[in-house]
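Chain order of the listed sequences is B and X. Mapping to my numbering: the first sequence position 240 is 240, numbers consecutive. Mapping to my numbering: the second sequence position 135 is 135, numbers consecutive.
Since the hints were made in silico from the structure, they are not lab data. No residue lacks a Cβ here, since even glycine has one placed at the ideal position from N, Cα and C. Be aware that one or more of the hints could be misleading.
Computed footprint of chain X on chain B, listed as stretches where at least three residues anywhere in the stretch have a Cβ under 8 Å from a Cβ of chain X [stated by the list, open to error]:
id: 1; segment: 144-153
id: 2; segment: 160-170
Here are a few chain X residues that sit away from chain B, every Cβ distance over 10 Å (derived from the structure) [stated by the list, open to error]:
id: 3; residue: 43
id: 4; residue: 78
id: 5; residue: 154
id: 6; residue: 158
id: 7; residue: 176
id: 8; residue: 224
id: 9; residue: 226
This is what each chain is made of:
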Amino acid sequence: MTFRTALLLGSLFVLAGCSSSGNWGWYVIDPTTKNGASNIRFLLNGFGATILLSVIAAFMSMAIGMMVALPGMSSNRWIRLPSRIYIEFVRAIPLLPMLFWVFYGLPVVLKSIGINVSIDAFWGAIITLAISDSAFTAEIYRSGIQSINKGQTEAAKTVGLTYGQTMRYVILPQAIRRILPPLANQFIYIVKMSAFASVIGMQELTRRANELVVTEYRPLEIYTLLILEYLVLVLIISFFVRWLERKMGSDESK
Amino acid sequence: MPGDAHAIEIKGLNKWYGDYQALKDIDLTVDHGERVVVCGPSGSGKSTLIRCVNSLEAKDSGLISVDGIEMVDSQSIDAIRSEVGMVFQQFNLFPHLTILQNLTLGPMKARGLSKADAEARAMQYLERVRIPDQAHKKPSELSGGQQQRVAIARSLCMEPKIMLFDEPTSALDPEMISEVLDVIVDLAEEGMTMIVVTHEMGFARKAADRMIFMDHGAIVETGTPEQFFEAPKSERCKQFLSQILQH
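Just chain X, same shape as in the assembly (with noise of 0.2 Å):
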């Protein structure tokens, strides 16, 4: 009953790199429409979770399953991974081919839509991370925050349920992680059930419906941003929020 269902339910789910736990027995549902901020020291699991959501990490153990489809197989990968979009912290555009080319690649040939279909569904996507003009580009012409939008709106070409994002702005420099997080927040404003992994507090407080603090592959301390910021449970959590907000 996929409309029924959580948007994301985890349950018990744990990976290993080898000898190393990166994750330990995680808990975590979603709700549809919800709006999750992931934080945490480097090391802490945080990417590793969301990168189990659409398997690009495989699980060892734990049930996954998205929009009601259960992690079973690799069918239901597929079909999970067609509900979700991601967005990467290096962007991923394939560089080889221009912006459009880049959002009508899925479309066309995962989902079978025309050319011409697929690019009126990217020029629209395009005008909403507003750079439709840098359409016949190719990915290394533009600036890391253009990128960054350019691969938001390539995730979006396919039309997912759910957008995950991968540290979205770590890499981009400071003047251009604004533009990147006002398309993510209008993202948020419109209603799209969404993980973020983030060290951007003020985009936090501003858009997420809940906060997660993971440290050493378990998920530590979670509340609403209110909660999460003025009155945070646990010693690390408030050590990390210290470190992270001094400056």
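Here chain B stands alone, though its shape is the one from the complex (with noise of 0.2 Å):
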């Protein structure tokens, strides 16, 4: 975490120093001002639903991604396939289309078939990042259950538990630690990836960088602290994984 540290403040400093050079006009977020302050706060507050979206679409990815998984798995080709078939077809379409797809498409498509709901560009953007997260969750979980020795299993079966048990309380608990670190990442990649909410008007960070920008054409801080922002929120999350990690004794080589 030092190292983390110092590359921050490393960071800060090369950019305040350029500060002096007349490119800079920090005043456009000087807390000191009444202006920079409340832009400061408008800013900020996308916090709240970047993180909210990153969140629900990373439980919503786990839980699609452990459904797709484990028939992925199968002995059975035909249960296999239909879960290969949804990883190497949302894994090929990128996350900036199929939002536009599920934000302006899926609306249709529902009515079409009867249902008549409006996607907003919260639930919208949830949506296309889970979908889209899922497919990579699916194959971390199949990699992280593969891992497991298959005498594993087989001592399951001698001891009498059934697929889900065995699942439960001998494979996933053992899993579980060799698939956080992977599991860590693909949070930190839905937590980048939101900023694209902020082109179906999601008021997220980006979002609200963008509005700023334009009404206060200072492009250069205003996208400096963007970056810093999710710079914090992605060190926070990776301190929090180191920690889960070694309470759950991820690290095996010790």
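Could you use the hints to bring the two separately framed chains together as a complex?
In structure tokens form, the structure reads like this:
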């Protein structure tokens, strides 16, 4: 962590140093002025939406990923097939086109089959992020579960456990420790990809920065702050995950 | 009629791995209380044979019935597995659980025992394999011999009628082999029906009612330990015995 902190302070220094050149106009987010303070408040208020969006999408992605991963490991190829198709298909769609499709297209599709719902920017972004990420989560689960020795499943069978019990009590508790690091990676990825929600009007960090740039004409300062906002968010997540890994003993090399 | 049937009855069992035939027309009957030792060179199909008995390997053709239950569908496989305990070469203990949890998981989840009952039973079997003091440790804190004894106790907690041992001492350091074999001999003396795949010929002489020698997926020779060790009939068996008994 000390290295990260040093890096953070270092980059701040470099940025601050630039201000002497006269190209910077930090007044736009100077908390000592009334306008700057209100601008900062406006920008920081995006944290709530970004975090909420990411957390809900991540949990949905983990749930969908499990529902895709488990049949994907069946010995029956017809059970395996839909899961394979889902993963290959979803993985191939870039996030932004999928976001547009879900936001503008999905309501039309749903209406045509008699389901009349409007999808707002918040849920549009969550659905897109969750689905798009679930293909990767599913593959992480699969690699984690398949990394557990086959003898574990066999031993579970010989003591009478059903498939569900074997997963729940024997395989997943062991797999979860191994997949925690890549799963955390995916979560960080979701947090960053949530910036795309700005294009459909979701008031999260990036959208707010964009809006402020339009009124204040200071892209350099505002986007710099935006990047730092994401940096702080991701560092907090990293820190939390490290703690979780230690607690769960993910590092089996110890 | 489970009571009257043979413990294990196998007829015309075949098993293929792709183009490779691992078991060829195996016929084998094991009576209640009988102790059978299976030996043979590696790749001869001995492990595959006992893994077919509880359907860890699915048979391709032939009949298997255990304690009168014929193996036909997943329901009968579940019923058979509840009668058959198995001990593996690599122990296969659950590494994230304590010894006690390893022993109580099956009885609690599969048999619906209360925690207290399951733990009482677990402690009883840990006493039997002589390691009650390790109950709260994790498997990785135990020696190989201790782990294998825990694995035996874990199987016994399901109160099986038949025990299958798949090379139970092959992964052990030499000085730990006897502590595991002693436990198996105890079980044998108590009348447990068992099939043991092993190369421990001293154990076979002491505990087996019947020896089976397998090669290339077929049963080549079968007989009492006396017949088997003193007067093997087939050339292949003589050769095998001379190799493993040489030292």
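Going down the list of hints, with the structure as the test:
A count of 3 residues in the segment 144-153 of chain B with a Cβ less than 8 Å from any Cβ of chain X is obtained; the coverage claim is therefore met, three being the minimum. Counting residues of the segment 160-170 of chain B whose C-beta sits closer than 8 Å to any C-beta of chain X gives 6, which meets the bar of three, so the coverage hint holds. Its beta-carbon lying about 19 Å from the closest one in chain B, residue 43 of chain X satisfies the requirement of being farther than 10 Å from that chain. With a closest Cβ-Cβ approach of about 8 Å to chain B, residue 78 of chain X is found to fall inside the 10 Å limit, against its non-interface label.
Against the 10 Å criterion, residue 154 of chain X falls within the reach of chain B, whose nearest CB is about 6 Å from its own CB. The claim that residue 158 of chain X is not at the interface with chain B is violated, since a C-beta of that chain comes within 10 Å of its own (minimum 6 Å). Non-interface status of residue 176 of chain X relative to chain B is upheld: no Cβ of that chain comes within 10 Å, the nearest being about 19 Å off. With a closest Cβ-Cβ approach of about 29 Å to chain B, residue 224 of chain X is found to remain outside the 10 Å limit, as its non-interface label requires.
The beta carbon of residue 226 of chain X sits about 33 Å from the closest Cβ of chain B, which is more than 10 Å, so the claim that it is off the interface holds.
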